[in-house]
Every structure is written in C-alpha cells, then in structure tokens.
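Protein chains: 2
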Amino acid sequence: MEVLPKFDSVFSIDCVIFGFDEGELKILLIERNVEPFKDWWALPGYLVKENESLDLAAERILYELTGLRDIFMEQFYTFGDVDRHPQGRVITVAYYAMIRLNGPKELKPVTSVARKAVWYPVKDLPKLAFDHTKIFQKGFLKIRNKISYQPIAFELLPEKFTLTQLQHLYEVILNKTLDKRNFRKKMLNYGILKELDEKQKGVSYRAAKLYKFDRRKYAKIFQNELSFGK
Amino acid sequence: MEVLPKFDSVFSIDCVIFGFDEGELKILLIERNVEPFKDWWALPGYLVKENESLDLAAERILYELTGLRDIFMEQFYTFGDVDRHPQGRVITVAYYAMIRLNGPKELKPVTSVARKAVWYPVKDLPKLAFDHTKIFQKGFLKIRNKISYQPIAFELLPEKFTLTQLQHLYEVILNKTLDKRNFRKKMLNYGILKELDEKQKGVSYRAAKLYKFDRRKYAKIFQNELSFGK
Numbered sequence: 019m020e021v022l023p024k025f026d027s028v029f030s031i032d033c034v035i036f037g038f039d040e041g042e043l044k045i046l047l048i049e050r051n052v053e054p055f056k057d058w059w060a061l062p063g064y065l066v067k068e069n070e071s072l073d074l075a076a077e078r079i080l081y082e083l084t085g086l087r088d089i090f091m092e093q094f095y096t097f098g099d100v101d102r103h104p105q106g107r108v109i110t111v112a113y114y115a116m117i118r119l120n121g122p123k124e125l126k127p128v129t130s131v132a133r134k135a136v137w138y139p140v141k142d143l144p145k146l147a148f149d150h151t152k153i154f155q156k157g158f159l160k161i162r163n164k165i166s167y168q169p170i171a172f173e174l175l176p177e178k179f180t181l182t183q184l185q186h187l188y189e190v191i192l193n194k195t196l197d198k199r200n201f202r203k204k205m206l207n208y209g210i211l212k213e214l215d216e217k218q219k220g221v222s223y224r225a226a227k228l229y230k231f232d233r234r235k236y237a238k239i240f241q242n243e244l245s246f247g248k
Numbered sequence: 019m020e021v022l023p024k025f026d027s028v029f030s031i032d033c034v035i036f037g038f039d040e041g042e043l044k045i046l047l048i049e050r051n052v053e054p055f056k057d058w059w060a061l062p063g064y065l066v067k068e069n070e071s072l073d074l075a076a077e078r079i080l081y082e083l084t085g086l087r088d089i090f091m092e093q094f095y096t097f098g099d100v101d102r103h104p105q106g107r108v109i110t111v112a113y114y115a116m117i118r119l120n121g122p123k124e125l126k127p128v129t130s131v132a133r134k135a136v137w138y139p140v141k142d143l144p145k146l147a148f149d150h151t152k153i154f155q156k157g158f159l160k161i162r163n164k165i166s167y168q169p170i171a172f173e174l175l176p177e178k179f180t181l182t183q184l185q186h187l188y189e190v191i192l193n194k195t196l197d198k199r200n201f202r203k204k205m206l207n208y209g210i211l212k213e214l215d216e217k218q219k220g221v222s223y224r225a226a227k228l229y230k231f232d233r234r235k236y237a238k239i240f241q242n243e244l245s246f247g248k
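Protein sequences, first through last, are from chains A and B. If you're matching positions, the first sequence starts at 19 in my numbering and goes up one per residue. If you're matching positions, the second sequence starts at 19 in my numbering and goes up one per residue.
Simulated from the structure, these hints should not be mistaken for lab results. Heads up, some of the hints might be wrong.
Which copy? The list can't say, so a pair holds if one copy fits it or any two copies do.
[To be verified] Listed below are the simulated DSSO-like cross-link pairs for lysine-lysine, each with C-alpha atoms no more than 30 Å apart in a straight line:
id : residue 1 : residue 2
1  : 67        : 178
2  : 156       : 134
3  : 204       : 178
4  : 217       : 156
5  : 203       : 227
6  : 123       : 178
7  : 204       : 123
8  : 164       : 194
9  : 178       : 152
10 : 219       : 56
11 : 56        : 203
12 : 235       : 198
13 : 227       : 152
14 : 204       : 164
15 : 227       : 164
16 : 164       : 212
17 : 203       : 134
18 : 164       : 123
19 : 217       : 145
20 : 123       : 145
21 : 194       : 235
Predicted model only: the values in this text are computed from it and were never measured.
Take the sequences, apply the hints, and build the full model.
Here it is in structure tokens:
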C-alpha cells in the first residue's frame with residue numbers, strides 16, 4: 019500500500035452525481051482499481067492536488083474517474099471523522115450534481131484508478147468503500163430537502179416530460195406516494211409549466227401531454243411566492 | 019513566523035456566529051494575537067488537531083477563542099482556494115450559528131491566540147484577516163436564503179418578542195423594507211406565533227403585545243405548507 023504523500027493528499031473530493039432514468043433515481047459509482055478498498059464500489063473521488071482549488075479538483079476528478087465533463091456540481095458537506103480513511107487523516111469535501119440521463123449506462127474512466135463507472139439505482143446500492151454510504155445519504159437528504167423549496171426536479175427530467183413523470187420523480191426523491199389530483203393542481207398553479215402542443219410518442223397506452231419548464235416564470239415565482247416572511 | 023506543522027494543520031475551522039442585539043445583526047470577531055495577520059480582526063478560527071473530528075474542533079476552537087460554549091453550530095461551506103493562507107495550503111471548514119444576544123458585548127478568550135472577542139455590527143465590519151470577509155459573506159447569504167423557508171429568525175430573538183422586533187429582524191437580514199401590514203398578516207396566518215397575555219415593559223411609547231414562537235405548530239407547518247410539490 020502506498021504511504022500517503024505529505025501535503026497534497028490530506029484532503030479529497032467525493033462526488034454524488036444523481037441521474038433519473040426509466041423511473042429510477044440513480045447515482046454514479048466507480049469500481050476502484052487501487053488500494054485501499056481495491057475492487058470495491060465507491061463514489062467517484064480522489065485526492066486534491068496541492069495547486070488546485072476545490073472546485074477545479076472536483077471537475078478534474080469526476081472527469082478522470084468517469085469521463086463526465088461540464089457537469090455543474092455544488093459542494094454540500096465536508097466529512098472529517100478521524101478514522102474515515104484507513105491510511106491517515108483525510109477529510110473529504112463532497113459535491114453533488116443532478117443531471118439528465120440519456121447516455122450509456124456504463125461510462126469510461128480516463129484514469130486507471132477506476133476500472134469502470136456505472137449508474138446504480140439508489141434503492142439498490144452495494145456496500146461502498148470508506149464512509150461513502152454516509153456521504154451518499156447526506157447527499158440524498160440534501161436533494162430531498164431541496165426539492166421541497168426549489169424546482170430542482172427539472173434538472174433531472176428530459177426537456178419535455180409528462181406530469182406523470184414529474185410526479186414519479188417527486189415520489190422517488192421524497193420516498194412517498196403523492197395524491198395525483200393534488201399534485202397536478204399544485205404544480206399547474208405555480209405557473210412554471212408550459213403546456214406543449216405535443217404528446218408522448220411511441221407509447222402503447224393513451225399518449226399524455228408533454229410539458230416544458232418555464233424558466234422565466236420559475237425565477238419569478240421562486241423569488242416571491244414561496245418566501246417566508248415577505 | 020512559525021512554519022506549519024505537517025499533518026495536523028492543513029485544515030482549519032472558521033466560525034460565523036450571528037447575534038441580534040438592539041435592532042442590529044452582529045457577528046463575533048476576535049482580535050488576533052498571533053502571526054499571520056497579528057493584530058487583525060478575524061472570525062474565530064484555528065487549526066484542527068490530528069485526532070479531532072471537525073464538529074468537535076469547531077466547538078473547541080470557538081470556546082478557546084471566545085469563551086462561548088454549547089452553541090449549536092452547523093457546517094456551511096469549505097473554502098479551499100490555493101492562495102487563501104500565506105503559509106501554505108490550508109483549507110477551512112466554515113461553521114455558522116445564530117444565537118440570542120443577552121450577555122456582555124465583549125467576551126473573554128481562553129487562549130492567548132485571541133486578544134479579545136467582540137460583537138461587531140454586520141453593517142460596519144472592519145477589514146478581516148485571510149479570506150474571512152468572503153467567508154462571512156457566504157455565511158450571511160446562507161442565513162438570508164434560509165430565512166425565506168425556515169423560521170430561523172426565532173433563534174435570534176428573545177423568547178418573547180413584539181411583531182415589530184420580528185419584522186425588523188427580517189428587514190435587517192433580507193436588507194429590505196417590508197410592508198408592515200402584509201408582514202403581520204402573513205406571519206399571523208402561518209399560525210406559528212402564540213399571542214401572550216402580556217405587553218412590553220419599560221418602554222416610553224405605547225407598549226406592544228408580546229408573542230412567543232409555537233414550536234409544535236411550527237414543525238407541522240414547515241413540513242407541509244411551504245413544501246413545493248406535495
């Protein structure tokens with residue numbers, strides 16, 4: 019096992035990348051090809067270089083381990099338990115992102131640190147390396163809280179979607195069943211959905227109407243209506 | 019100037035502690051008694067020890083630098099710009115807290131790292147050491163955003179308060195004037211305020227009614243009414 023270098027490795031980045039695909043919420047995992055935790059599934063994560071800001075390190079690491087680029091990631095928590103890394107004290111800054119899934123299920127890492135990168139359903143995750151299960155859970159909680167006051171769901175859905183898809187995404191993230199009539203009424207009342215003159219294609223059941231997200235209205239609504247105390 | 023030790027000093031904690039006092043939002047600053055930035059005003063912050071979790075380090079550091087104890091702090095962001103510390107690469111995990119101010123304006127540090135700790139009005143901050151102005155601003159933004167969807171204001175107010183005090187706090191944090199009638203109507207409609215059979219004492223003008231925060235109702239309201247998508 020390598021001994022940790024002294025200066026450029028006492029902190030790392032780990033990424034929780036959420037995607038929504040075929041009615042399932044997924045995250046991106048890598049299969050590690052290095053010690054410690056060789057052959058384990060893990061969040062895409064690695065050590066920050068000495069001359070690298072955290073944001074740039076996150077971009078580089080995600081790219082090297084999964085081939086993914088130009089993903090808007092945000093920091094959400096820093097994990098610093100004394101014994102979280104078997105080789106010494108390493109604190110890790112966790113980032114998350116939500117993206118639309120429409121590419122292949124398996125991605126090609128650029129570095130040999132990861133053998134492969136795969137989209138895994140959140141409801142069926144394997145045991146993860148380090149404290150990565152805890153990091154994932156905190157990230158999941160983050161988007162679960164956020165979906166209640168920000169329309170982040172739209173970042174996960176395709177450009178055009180049905181109300182059923184939208185409701186299903188909320189149900190998956192909130193982990194509960196929502197009343198269809200109430201949900202639709204509330205969503206349409208916000209005025210942030212644009213009804214399209216278009217229906218689903220290629221479905222065997224009755225095609226549903228497609229909607230788009232009205233970004234202009236969204237910005238306005240979320241600055242005013244949902245604010246407490248104004 | 020000391021050379022940084024190799025392992026237990028590459029990360030630090032900085033604390034943004036908000037208090038509300040005499041109609042002013044304040045934060046706690048220390049006057050540094052050590053290099054670098056000796057004699058400068060700074061956020062209470064210092065290096066994390068090798069065998070210390072981040073949360074415990076935050077508690078210890080706040081106590082040592084300001085004498086404050088048993089404050090509920092939450093992590094809000096980690097700052098890792100390459101050049102943020104003149105002695106080398108130090109990333110800092112920032113914590114914040116909101117507390118009721120009712121003690122002395124100047125606090126007594128336990129360690130000689132800080133000469134004194136003082137409550138400073140946010141609208142009139144001095145130039146701060148390191149990137150602490152940036153850290154403060156991010157913390158301020160955090161509570162500004164949070165006040166729109168969580169009743170954090172109550173953490174800053176005394177147990178019993180008038181609606182005018184409540185409105186003033188919102189105005190200070192949001193940095194804008196709010197319409198009195200709308201504000202009161204909205205606040206009372208939430209049903210989270212308990213009107214007391216008691217009025218202000220010791221004021222020269224007409225005494226206003228006092229209110230308390232109804233914690234039971236609050237929990238209910240904030241789980242249901244303000245949620246998007248349920």
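Of all the hints given earlier, name the ones this structure violates by number, lowest first.
Hints 1, 4, 7, 9, 10, 11, 13, 17 and 19 are the ones this structure does not satisfy, whereas the remaining hints hold.
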